[in-house]
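*Asks:* Can you make the complete structure from the sequences, with help from the hints?
Counted from 1, the sequence shown has number 72 at position 83 by my numbering; the numbering is strictly sequential.
Derived by calculation from the structure, the hints in this document are not laboratory data. Treat the hints with caution; some may be incorrect.
Unchecked claim - The calculated lysine to any residue pairs, modelled on SDA-like cross-linking and capped at a C-alpha distance of 25 Å, are:
#1 Lys168 / Gln121
#2 Lys(-3) / Gln64
#3 Lys(-3) / Asn82
#4 Lys63 / Arg80
#5 Lys96 / Thr62
#6 Lys96 / Leu245
#7 Lys(-3) / Glu67
#8 Lys168 / Lys96
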Amino acid sequence: MMSAPSSKQTMVIAGAGPAGLSAGLWAARLGLRAMVLEAADEPGGQLRSYSLPVVDLPGFESDPAPALIATLTKQVAEVGIPVYLRSRAVRWNGAALTVEALSDPIKADWFFYAPGLRARVLGIPGEEWASQESISDAVRSPSGSVLIIGAGDRAVEGAFRLAEAGHQVTLLCRSDRLKARRAYRMRLRESGVTVKYHTRLVHLAASGKRRHAWLEGPQGAQEWEGDRVMIRIGMEPRVDPNLASVRGDLAYPRALRMSIIGDAALAVPDRSLVTAMASAMRAVKAVAVNLGEA
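*Replies:* Here it is, written out as structure tokens:
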């Protein structure tokens, strides 16, 4: 953890995920004075929880997420953009950013906020622990019975990975079809996962190491009992309400001279590693032109 400079920045970037680090790289390419802040102990954002090889970067080999994080961090360091860890941005007034770890605000011409995403919740009793369950941890655990709620890529991918690892998996889908990409649906079909359509989760409970779920579907009310319940119903922007608001699936800035970048600024169908990084490039270039720096 370094001490943040007190002199004025052209740009301050909050969030050291792929979008925030990309914004730092583009700021350096345009010759702008910039810095990156990260609330966590290490950079990487959502990539830190990504367990599979990264395949969404055309032209690159499939690399583990930690390798991509290390490469991005190294590139940012090489161009002279500092990254300050354990530095959470808490307020932007259009000219200065208040940071939790610093006594004095950081003055800047523009603020880029890359908050990333968090798991969406259902708002039912008992779901807190179900939303935090790790697919990778479950894959490495002794085989058992698993209930997964969701219809998108995260849910379907988790279901077939667990089934291929020897777990007995049931997938709950509220509608009549899965929303995951075709390749995932095909792999799910081959894995032996049981899919319950038109079925929703209404309540959860834990009894020792056992998990209980109450479901409603075409056959009426049902109770499921097993080893794990995992909720994978999508992602939503993870914003500090002092900095941004969320309407629908998008985050919006609460002050002037501020841009949201990364997945939080993208519609759900458009979210990917490529588009998150590209959103940072477009935003930095636009601001550079606006400030007369490009």
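*Asks:* Now look at each hint and say whether the structure bears it out.
*Replies:* For each hint, the structure was consulted:
no.: 1; hint: Lys168 / Gln121; result: 22 Å, holds
no.: 2; hint: Lys(-3) / Gln64; result: 23 Å, holds
no.: 3; hint: Lys(-3) / Asn82; result: 15 Å, holds
no.: 4; hint: Lys63 / Arg80; result: 28 Å, violated
no.: 5; hint: Lys96 / Thr62; result: 24 Å, holds
no.: 6; hint: Lys96 / Leu245; result: 14 Å, holds
no.: 7; hint: Lys(-3) / Glu67; result: 21 Å, holds
no.: 8; hint: Lys168 / Lys96; result: 44 Å, violated
The earlier numbered hints that this structure contradicts are 4, 8.
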